[in-house]
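So you can see what is in the structure, the chains are spelled out below.
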Amino acid sequence: MAAPSVVVIGAGQAGSDTAAALRSQGFGGRITLVGAEGVPPYQRPPLSKQFLAGARSVADLALRPASFHTERDIEFVGRDPAVRLDRNGNRVTLASGRTLGYQHLVLAVGARARRLPVPGARLDGVLTLRTLTDAGRLRDRMRDTGRLLVIGGGFVGLEVAATARAAGLAVTVVEFGPRLLARAVSGAMSAHLLAEHRAHGVRVLLSREVTALHGDGAGRVCEAELDGGERIAADLVVVGIGALPDVGLAAEAGLAVGDGILVDGHLRTSDPAVYAIGDCARFPSPHTGRPLRLESVQNASDQARCVAAALCGTPRPYAALPWFWTEQYGLRLQIAGIGTGHDRVVTLGDPGAGRFSLLCFRGNRLLATESVNRPADHMITRRLMGAGAPLPTPREAAAPGFGFKAFQEAAAV
Amino acid sequence: MAKITYRHPNGTETVVDVPVPNTVMRGAKINNIDGIEAQCGGSAQCGTCHVYIDEANALPLPAMHESEDDVLYGTAAPRRATSRLSCQLPVSEEIDGLVVHLPETQS
Ligand SMILES: Cc1cc2nc3c(=O)[nH]c(=O)nc-3n(C[C@H](O)[C@H](O)[C@H](O)COP(=O)(O)OP(=O)(O)OC[C@H]3O[C@@H](n4cnc5c(N)ncnc54)[C@H](O)[C@@H]3O)c2cc1C
Ligand code: FES
Chain Y
1 MAAPSVVVIG
11 AGQAGSDTAA
21 ALRSQGFGGR
31 ITLVGAEGVP
41 PYQRPPLSKQ
51 FLAGARSVAD
61 LALRPASFHT
71 ERDIEFVGRD
81 PAVRLDRNGN
91 RVTLASGRTL
101 GYQHLVLAVG
111 ARARRLPVPG
121 ARLDGVLTLR
131 TLTDAGRLRD
141 RMRDTGRLLV
151 IGGGFVGLEV
161 AATARAAGLA
171 VTVVEFGPRL
181 LARAVSGAMS
191 AHLLAEHRAH
201 GVRVLLSREV
211 TALHGDGAGR
221 VCEAELDGGE
231 RIAADLVVVG
241 IGALPDVGLA
251 AEAGLAVGDG
261 ILVDGHLRTS
271 DPAVYAIGDC
281 ARFPSPHTGR
291 PLRLESVQNA
301 SDQARCVAAA
311 LCGTPRPYAA
321 LPWFWTEQYG
331 LRLQIAGIGT
341 GHDRVVTLGD
351 PGAGRFSLLC
361 FRGNRLLATE
371 SVNRPADHMI
381 TRRLMGAGAP
391 LPTPREAAAP
401 GFGFKAFQEA
411 AAV
Chain V
1 MAKITYRHPN
11 GTETVVDVPV
21 PNTVMRGAKI
31 NNIDGIEAQC
41 GGSAQCGTCH
51 VYIDEANALP
61 LPAMHESEDD
71 VLYGTAAPRR
81 ATSRLSCQLP
91 VSEEIDGLVV
101 HLPETQS
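As you go down the protein sequences, you meet chains Y and V in turn. The first sequence begins at 1 in full-length UniProt numbering and counts up one residue at a time. The second sequence begins at 1 in full-length UniProt numbering and counts up one residue at a time.
Bear in mind the hints are in silico, worked out from the structure with no lab data behind them. Every value quoted in this text rests on a predicted model; they were computed, and no experiment measured them. Virtual Cβ for every residue (Gly too), placed ideally from N, Cα, C. One thing to keep in mind: the hints can contain errors.
Chain Y side only, calculated, beta carbon under 8 Å to chain V, not exhaustive [stated by the list, open to error]:
id, residue
1, Phe68
2, Thr70
3, Ile74
4, Val297
5, Asp302
6, Gly330
7, Arg332
8, Arg382
Model the full structure from these sequences, guided by the hints.
Printed below as a string of structure tokens:
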């Protein structure tokens, strides 16, 4: 019998970690890692932070050294996206025309930046940020720009705003929703971040919409028009209005999709030979009891290991606890758990001093801890939630003198 | 350049020369050493680059920052007196010969 073969489509965080985890978990068959980009797998988080600020080079972003693939006998195919998936023939076709046969296929195709659906969105100087190429372009443009407009108050937009502000640019953020990061954090955390950005001199407009972008006659963006007619001058516009999961290949092959490639608790698509993981996958989460699609390194990485375990013969349902971090102006926000649907919040520490945690509860149940510069609260929440250990109730957390360190010690986990 | 030994939980070890500047975490990554995940890429956020410094170590390691200490409260393998985040340990000639033990698990 031929050695089993796995083809991984998408050489980002999830794809690269799958190939690595397969080998470190003892997989002996063929592994092919197929990427659309011309560079080996790299880390995306620094693209809007240290890389954009010029504090990290391209070499620093590599997820693994150049020798990794040869050393672990992994075939890495770059700059050759998969264009067709033939599930009956267990084959994928790449743009170059090459076909790859597989026994198991892992779709780790990620997501792409949403484009702004308004006139002028294709003017020169209107950028999105998803890839290293995007980040390089943005970094170059920031050097000869005075006024930056960020459209969208999500993580990527706010990180770009903070980095640009620190570099001395005049920055405006326009957010369509009534608060920043509405889908990802509690109202109190949104308010804190808003105050932080304003204190650093960023002009933040909420509940406002960009309806058109205007060029300078030479095709370069110079102005944005808002609902109500107000105009904002800008030499550079970054559109950070979210990412769309890359479902095209899967949908064309008849796999079930719907804001993501739909997978079961073991991350299998509607075809048992095909898995989907990372930003492109919508999976049932035991932590929320409903299907979720997450855009985080933790999720990409943990799902990669889960699939590798299944392909190595030790399947287990995906149950890793979601966690996330962002950095803006030296403020380190870390989130453990998913706070959606919380109905009360207990604050630990002092928001005024920039060190605090918000504990988001539904009833007596802790759903998520949002920490600003209080990593112990984040880490201990992760540990306790991950282990299914008892968590503090709102009453316990609100009691004077409550601290996670003492709580963990008492729980002896 | 500094010689660093990464000892795996099964007792095997990998000895590598790590160029300066780098961190003990990056030293493992650039040499394809399993056992350090470093999900956050070295920003002291994730706790998945946890190592134990060898008990016999007498080399001058930098003091622990408060945030490193905090992150070590949540590592997957038990925290010990010798626990450090390898992304917070800069490689220098002064730590030539350092031995670190990799924990059983990082996440
Ligand atoms: C600017 C930025 C900052 C971020 N900051 C943070 C952060 O601070 N913390 C955090 O946890 N997360 C952060 N994230 C999110 C995190 O980077 C993603 O969740 C993670 O990269 C997802 O991994 P993935 O492998 O699923 O997708 P990706 O990393 O997007 O990789 C998918 C890859 O698949 C390729 N591909 C697509 N289609 C095909 C095809 N048909 N054939 C071959 N290849 C294909 C793509 O080109 C891409 O390289 C950030 C993301 C961005 C963009
Ligand atoms: S790499 Fe994340 S804490 Fe060290």
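To see whether the hints hold, each was checked on the structure:
1. Phe68: holds, 5 Å
2. Thr70: Since the shortest Cβ distance to chain V is 10 Å, the answer is violated.
3. Ile74: Hint violated; Ile74(Y) Cβ to chain V Cβ min 11 Å, cut 8 Å.
4. Val297: Because about 5 Å separates Val297(Y) from the closest Cβ in chain V, which is inside the 8 Å limit, the hint holds.
5. Asp302: Result: holds, 7 Å to nearest chain V Cβ.
6. Gly330: Violated: closest Cβ of chain V sits about 11 Å from Gly330(Y), beyond 8 Å.
7. Arg332: With a closest approach of 7 Å, the Arg332(Y) hint holds.
8. Arg382: holds, 5 Å
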